[in-house]
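Undergrad: Sequence:
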Amino acid sequence: MGKTLVIDLEDVILEGDILDVGEKNFGIIYNISKEAEDELSLDYVSSDTKIELKERKYDACTFFFDLNKIWTSIEKEKLIKEISSYLKEFGEIFIWDINKERGKVFNNKIKVILPNEKIKEFTFRNLNVLLSSNIEEIKKILEKYFEIEETKAWEDVFFIKGKKIGTKVNEEEKIKYEGTDYSN
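With this note's numbering applied, the sequence shown has no gaps in its numbers, which climb one by one up to 960 at the end.
Be aware that one or more of the hints could be misleading.
Said to hold, decoys possible - SDA-like, lysine to any residue: derived pairs with alpha carbons at most 25 Å apart: (1) Lys937 <-> Arg832; (2) Lys833 <-> Tyr921; (3) Lys887 <-> Glu912; (4) Lys880 <-> Lys915; (5) Lys916 <-> Ile850; (6) Lys939 <-> Glu791; (7) Lys916 <-> Ser849; (8) Lys928 <-> Ile846; (9) Lys887 <-> Phe934; (10) Lys880 <-> Ser861; (11) Lys937 <-> Asp835; (12) Lys939 <-> Glu853; (13) Lys916 <-> Ser861; (14) Lys885 <-> Ser861; (15) Lys940 <-> Glu853; (16) Lys876 <-> Val782; (17) Lys857 <-> Val782; (18) Lys920 <-> Asn807; (19) Lys887 <-> Phe866; (20) Lys845 <-> Thr927; (21) Lys880 <-> Lys920; (22) Lys885 <-> Phe866.
Calculated directly from the structure, the hints in this document are not laboratory data. Here the structure is a predicted model, which is why all the values come from computation and not from measurement.
Using the sequences plus the hints, can you model the full thing?
TA: In structure tokens:
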């Protein structure tokens with residue numbers, strides 16, 4: 777086993793309806809969102825729930841150590857694009873993941889500091905030497921659908937926060953017609 781990586785989520789606040797993407801997140805997202813509201817709406821993405829998701833719009837979406845398991849950038853982009861369609865206008869995305877080069881493995885303990893001085897610890901492994909994951913790749917994909925508001929990278933872990941932007945066509949139309957006088 778490698779080193780222990782610390783992620784401080786004490787000040788992270790997730791509000792509103794939250795869509796959590798991933799197989800398992802060790803209760804982390806639930807713990808930081810329940811601190812924000814007594815009434816929590818937290819939905820999880822799986823192939824079984826996709827039909828239900830199309831009927832809803834979310835305030836925020838989270839990825840907690842899940843994008844690194846996806847094989848290609850194309851597949852990652854397809855998922856992020858789909859997720860953006862489930863978010864409300866100006867909805868937020870929060871991503872915590874690992875920096876891992878192809879040919880390397882990730883086998884470390886993760887210690888997460890939660891609100892109210894709670895601590896969760898788990899071991900996270902990605903032993904697939906064919907997979908890669910890095911902050912620059914994810915930022916490049918996100919910039920097509922989100923305005924990146926915050927990035928952090930430390931040790932072998934990164935965090936990205938973004939806000940959903942309108943479609944480029946809508947933005948261009950808005951600029952094109954701003955200041956036009958239609959009173960004639």
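Undergrad: Now tell me, hint by hint, if it's right for this structure.
TA: Hint-by-hint comparison with the structure:
1. This hinted pair checks out: Lys937 and Arg832 have alpha carbons roughly 21 Å apart, not beyond 25 Å.
2. Only pairs whose Cα atoms come within 25 Å are accepted, and Lys833 paired with Tyr921 is accepted, the gap being roughly 16 Å.
3. Our distance criterion of 25 Å between C-alpha atoms is met by Lys887 and Glu912, whose separation comes to about 24 Å.
4. Using a Cα cut-off of 25 Å, the hinted pair Lys880 and Lys915 holds, with the two alpha carbons roughly 21 Å apart.
5. With a CA separation close to 12 Å, the supplied pair Lys916 and Ile850 stays within the 25 Å bound.
6. Of the pairs offered as hints, the one joining Lys939 and Glu791 holds, with about 14 Å between alpha carbons and a cut-off of 25 Å not exceeded.
7. Note on Lys916 and Ser849: the hinted pairing holds, with a Cα-Cα distance of about 10 Å set against a maximum of 25 Å.
8. Between Lys928 and Ile846 the alpha-carbon distance is near 21 Å, which keeps this suggested pair within the 25 Å criterion.
9. For the hint linking Lys887 to Phe934, the alpha-carbon distance of about 14 Å falls within 25 Å, and the restraint holds.
10. Between Lys880 and Ser861, the direct Cα distance comes to roughly 33 Å. Violation of the 25 Å bound is thereby established for this hinted pair.
11. With a CA separation close to 13 Å, the supplied pair Lys937 and Asp835 stays within the 25 Å bound.
12. Distance restraint check for Lys939 and Glu853: the Cα-Cα separation of roughly 16 Å lies within the 25 Å cut-off, and the hinted pair is therefore satisfied.
13. Distance hint between Lys916 and Ser861 is fulfilled; the C-alpha atoms sit about 18 Å from each other, no more than 25 Å.
14. With a C-alpha separation of about 34 Å, the suggested pairing of Lys885 with Ser861 is violated against the 25 Å cut-off.
15. As the CA atoms of Lys940 and Glu853 are separated by approximately 14 Å, the hinted pair is consistent with the 25 Å bound.
16. With a C-alpha separation of about 17 Å, the suggested pairing of Lys876 with Val782 holds against the 25 Å cut-off.
17. Pair hint Lys857 plus Val782 does not hold up; C-alpha atoms about 30 Å apart against a cutoff of 25 Å.
18. The suggested pairing of Lys920 with Asn807 is violated, with an alpha-carbon distance near 30 Å, which exceeds 25 Å.
19. Only pairs whose Cα atoms come within 25 Å are accepted, and Lys887 paired with Phe866 is rejected, the gap being roughly 31 Å.
20. About 20 Å separates the Cα atoms of Lys845 and Thr927, which keeps this hinted pair within 25 Å; it holds.
21. Distance check on the hinted pair: Lys880 and Lys920 sit about 28 Å apart at the alpha-carbon level, beyond 25 Å; violated.
22. For a cut-off of 25 Å, the pair hint linking Lys885 to Phe866 is broken: about 34 Å separates their Cα positions.
Of the numbered hints stated above, those contradicted by the structure are hints 10, 14, 17, 18, 19, 21, 22, listed in ascending order.
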